[in-house]
Amino acid sequence: MAGIMDSKISRRIFLTGSATAASGLAALWGSWPWLPGMFHRRGTYVYPMRTELWKGVEVRYSVCRQCRSDCGLEARVFNGVLIKLDGNPYHPNTTEPQLSYATTVNASLKTTQIHSLCARGQAGRQTLYDRFRTYYPLKRVGPRGSGQWKTISWEQLIAEVTEGGYLFKDVPGEASRHVDGFAALWRHGQGPNTPVDPAHPDLGPVTNQFVLYWGRAEPGQSTFLTRFATAFGSVNALPHVGICELNHHVATMQSLDGKIAMLKPDIKHAEYVIWFGANIYQANFPMQTLSRKVAEASAEGTLKFVLVDVRAPNAAMRASRFVKVQPGGDAGIVMGMIRHIIENHRYNGAFLTAPSYDAAHTAGEMDYTNATWLVVEDAGHPLHGQFLTAAAAGLAAGKESADAPTVIDAATGKAALAAQTSVAKLWPSGDLSSAAITVNGVTCRTAFQVLYEEAQSRSYEEYQEIAGVPASTIKELAMEFTAHGRKAVADFYRGPAMHSNGVYTGRGIMTLNFLVGNIDHAGGYITGGKPADFMGSYSGAPYNLGKWPAPAYSVPPGVKISREGSFYENTSFYQDAVGKGQQPFPAPRPWFPFGFGIWHEIFAGAWFQYPYPVKILLQHEANPAWSAPPGMSGAPDESLPWFRLIKDLDKVPLFIASDILVSETSHYADYVVPDTGYLECWGMLPGFPTVPTSVVGVRQPVIEPLIARTPGGEPMCVEQFLIDVARKLGMPGFGKNAFMEGGDLNTREDFYLKMVANIAFYPAYLKKEGERLVPTGPVPDASAPDDWKDAKRWQQRYGNALKQAEWAKAAYVLARGGRFEDYDAGYLPAPLPEWMTYRYGDEKMPCQVYNATFAKTHNAITGETFSPVAKYEPLRFMDGTLLSTADPRKEYPFVLSTYKQPIHSKSRTWADKWLVELMPEAYVEMNPWDAKQLDVQNGDWVLVRSATYPKGLKGQVQIMPGIRPGVVSFPAAFGHWHYDSGEWRIDGNLYRGDKELNTRVRLNAVMRLDPSLSDHSGWGTCIEDPVGGGADYYSTRVRVEKTMPASRTLVQT
Amino acid sequence: MDREQNAQDAVADVLLIFARLFDGPPPSAIAAVLVNDTLPRIRDLLGLEQLHPPLAQEMFAAEYEPLFLLPTSMAVTPYLSQYLDPGTEDDLPIKISTLSAATGIPWQKESFIAGRAYPVFPDHLNCVFMFLAYLVSVDRSAEIAGVNAGEWLAVLLNMVTVGMARLCDHLYTIKGLYPAYNEAALLAWQYAHALNVL
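Protein chains in written order, with UniProt numbering: chain A, 1 to 1053; chain B, 1 to 198.
Bound conformation, chain A alone (with noise of 0.2 angstroms):
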């Protein structure tokens, strides 16, 4: 090539014929937006324009996926570029008070109310628009996590999943591996009819061990997933909450009769809270609306609260009080709380004692309890520890009431049916009488006697031993607690219920709302409000998309690879055993009927191939290489549990991975499918108790997808993955004639569009007539221009996935970014609000103080039952040792804890550098007098072992006053090897990130594996709550030294 390469320039030449070349561009200066930023610089600094003013930018309402809060968003889009994201105006998360449903699109454009987004929510662009995202299908041409892959076509990524074949004979070792696809399990349609083990055949079908995982996916997409397994014959469509915050839910449910997963403050309303674990300003649901409630009604006094944790949260400079709880140890303070308000007769007994809705309803009540109803004591009763029947206590008029619970009616002093009785005795032998009585010569004692008696048998002294905060504390905080009338809510996160002993200190706080009987309360402990149906199984739903036409099985579904939401005492293992007379405990794995999405439990079954073997794997938008579960992974060793799992090709076949980018987890995969990121795919999401109204917000791609297409031209996705390999093998529910309504499914419009329409036509929402709620009905067609805009875009393209009379209400939907009731239809109306418009007492069930199925179901490793009321339970293994006994105090003198923080969510939040450059790397976060104690200061280096994980990882030391001494912890964001950075090679081609990414601190390697759950090779699985199932993140106990510098290598020591 000619030219400068290859000879001399002078440098006055050089000099002069730049400024003739730069010449002519000057004379423009200053005329073309071009020029004035191109030539500003030498040190100052360009601020983005004002894109509210820009001409052409077109405003798109959808759903935030930055953390699991589902704020509306307001999407600024300009030439198809995303430029800018902020809140929609319409969406309560994000507005308060939020703008009417009825305002019309035009004016939410120039709404002057504040609509704002976090500041990982504006990040979210850097997501979408990451340098390394994944386009094309990958297919591995190396080993398992050696990072080689190639592009293959859509048709053959299809193809070979679903026929399967030699897939990976080129790779070395597995000339001679074959791995079965989809239709080795489909089997021409009968997969779904062949027991997985004929000997079990209510393990359920082949088809089961096709186990499909996420990690984000919301209701529509997961509503998705879920179609395709089961349609394909598959129990295990599985969510991650096993790794998150799964104690805190089962707690509720099985408090609330299984109905309701989470309730919230009702903050606006409320005069103190007890938040035990809940990182308020940090984390939670939804983040920012939270946030922003609890630091209006305490800045205005009409709140005051207290934070129970192990360290201080950012709300804390707000807070009445920070207790400084010992991790593990909320359920002191929780029993200590109901202990000294039962004696001190705090509680409501009004409430309390009405044992029926009827009577409850009654007596001006929405909701009761089983706190009256009677239990049967005699260990040898069939009904021992179940409520005592109608038929049991004589009572029975006949075989409808057999089953119903009695008490002791208060009027009478006798046994009678709890429907019948208007109020009855909590205290049948006697005021704080734990006694039992004899009915119908049965032995019995209410549930209330029983909750008592567990409070009472320990000390006040040993709550604060086992809390970690005086006794004193604890009893002024019941005291608070009970002197503000229904207005006071003890609440609840990650904190307290992650732990083994999660679930029983949940129910401990669930029982202490029922104490004051704030459930359903205008101040207190609310249930939100009740988004529309998007499934359509409401009368004259437009679809019903919870049914398909599809064949009858002749196969049970069968149980999960997880074993979870199955009771162990049903399955045939546990029936045969008995049946042989033999001891059906310990089983090989525990089983979890209560919780679910337990990932940790996913990977054991895979790895112990109990109660199946799994033949494929399917993870979409998850990384649990990084991310979880404790101890099984987090850190680029491919000695702990889940990278052993993964590299085994007998225990996973097949290994699928659906995500954006190539991370640590789907760097493993076999096969990548590129997946469309948040803000370019669907979702129906609805709204969290901490909103009052009804709530559902519609994610919708406010760009057209980056991603390649497929042969059809639709957007390479996760949903079209699943549509081609259904029609494929010509699964029902997929393709041709898909929904009972017909009409076929062959994009993910047919179907995520006709959840629109029944979000459109939901009748039930609510608004204010005069001092009336009424229905709204269906939500009026679109008609103005705008109310088009968003809807035009998809009619355009899949204009047959509704009817022309739905696209006008879908339409309206779409404009508005989802459905909301107005702002003041939360509350039932009122001179000053006193009930919540939509509340847990309609279910017409009780708020469980006492929990019978908990009697009769079994730890399956111990053979112990559960505990039917709320209890301190100390920390231990499944098998029952004591984790103070595995690992003393002596040697391992501090609980390892870790945290969100308002920056970051999950792993994705990495690739938004914006979010990176708030805080680039973190550290291992100490008191000030473990500091001293260790003689070390700010940004020293310490070694973190524990006893399963013994070589340790490093960090430097940051000390903070908030943690309590004895505890060290760090945020959860960090600790990337391979997001954004690390290396790998793409049709041979090498492709490097940002190795400045892997910043330190991650420890969750270092969390502690529960030896009664390991193989023979030291496999392991997280320390678990029994109950629940939930992975155990604070309780590791650790040691901690002084250290030299780690290495370069920023997250391997």
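In short, the hints are calculated from the structure, not lab data. Do not take every clue at face value.
Unchecked claim - Beta-carbon label-pair distances, calculated as ranges:
1. A:H178 to B:I174: 37 to 43 angstroms
2. A:G165 to B:P54: 50 to 56 angstroms
3. B:E151 to A:N314: 54 to 60 angstroms
4. A:E921 to B:D139: 30 to 36 angstroms
5. B:R166 to A:N938: 52 to 58 angstroms
6. B:R166 to A:P1045: 33 to 39 angstroms
7. A:P711 to B:P54: 50 to 56 angstroms
To be verified - SDA-like mimics (lysine to any residue), calculated; alpha carbons at most 25 angstroms apart, straight line:
8. A:K995 to B:K95
9. A:K913 to B:A75
10. A:K768 to A:P831
For each residue, glycine too, the CB sits at the ideal point set by N, CA and C.
Chain A is fixed; fit chain B onto it per the hints.
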């Protein structure tokens, strides 16, 4: 401002033109000046023959998105580090990211250009040429994060010439698709090489 400073500013302006081209397509009026005046003058300066036929002014706008933004198999990455050998940055005494942090140069992470997203890393070609522009316009002895500007410039120029050469190799194989950006990259590479005379 003396003549020397004015001349160095002209060099910076040319580098900024390249920076801006890699940041997004120019509007049509700018493109007209570029293809009819600026780029031919740079060709003259660098001793290259003029293009026949010359570029059409709409080419930049047509090429930028499929070349740098959209995920097509004919796209190229606009990040310089992707063209450098593994370890190149590690072996260097100084890094682009350090330079970025030390100078606080407006490398436009917040600004918007129609047709593209935005550079979010300092090794984006836009940023790299912005840094070059900055470095040629300051005193070479000026200390930036413990290293003098002349040394920063030399290291950065080395990286730019290596990386741009590889980018140009790749573009050359598909130059029929992207003639305007093939031209921009070629001239940017050779102009950077010529900066050694300063």
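To see whether the hints hold, each was checked on the structure:
Hint check: H178 (chain A) to I174 (chain B), Cβ distance near 40 angstroms, so the stated range 37 to 43 angstroms holds. Checked against the hint of 50 to 56 angstroms, the C-beta distance between G165 (chain A) and P54 (chain B) comes to roughly 54 angstroms, which is consistent with it. For the pair E151 (chain B) and N314 (chain A), the beta carbons lie near 43 angstroms from each other, so the given range of 54 to 60 angstroms is not met. Separated by about 34 angstroms at the C-beta atoms, E921 (chain A) and D139 (chain B) satisfy the suggested range of 30 to 36 angstroms.
R166 (chain B) and N938 (chain A) have their C-beta atoms about 44 angstroms apart, which leaves the hinted 52 to 58 angstroms range violated. Between R166 (chain B) and P1045 (chain A) the beta carbons are some 36 angstroms apart, a value that agrees with the proposed interval 33 to 39 angstroms. Here the CB-CB span from P711 (chain A) to P54 (chain B) is close to 39 angstroms, at odds with the stated 50 to 56 angstroms. About 13 angstroms separates the Cα atoms of K995 (chain A) and K95 (chain B), which keeps this hinted pair within 25 angstroms; it holds.
Taking the CA atoms of K913 (chain A) and A75 (chain B), the gap is near 23 angstroms; set against the 25 angstroms cutoff, the hint holds. For the hint pairing K768 (chain A) with P831 (chain A), the CA-to-CA distance comes to about 14 angstroms; that is within 25 angstroms, so the pair holds.
The structure fails hints 3, 5 and 7 (numbered hints given earlier, in ascending order).
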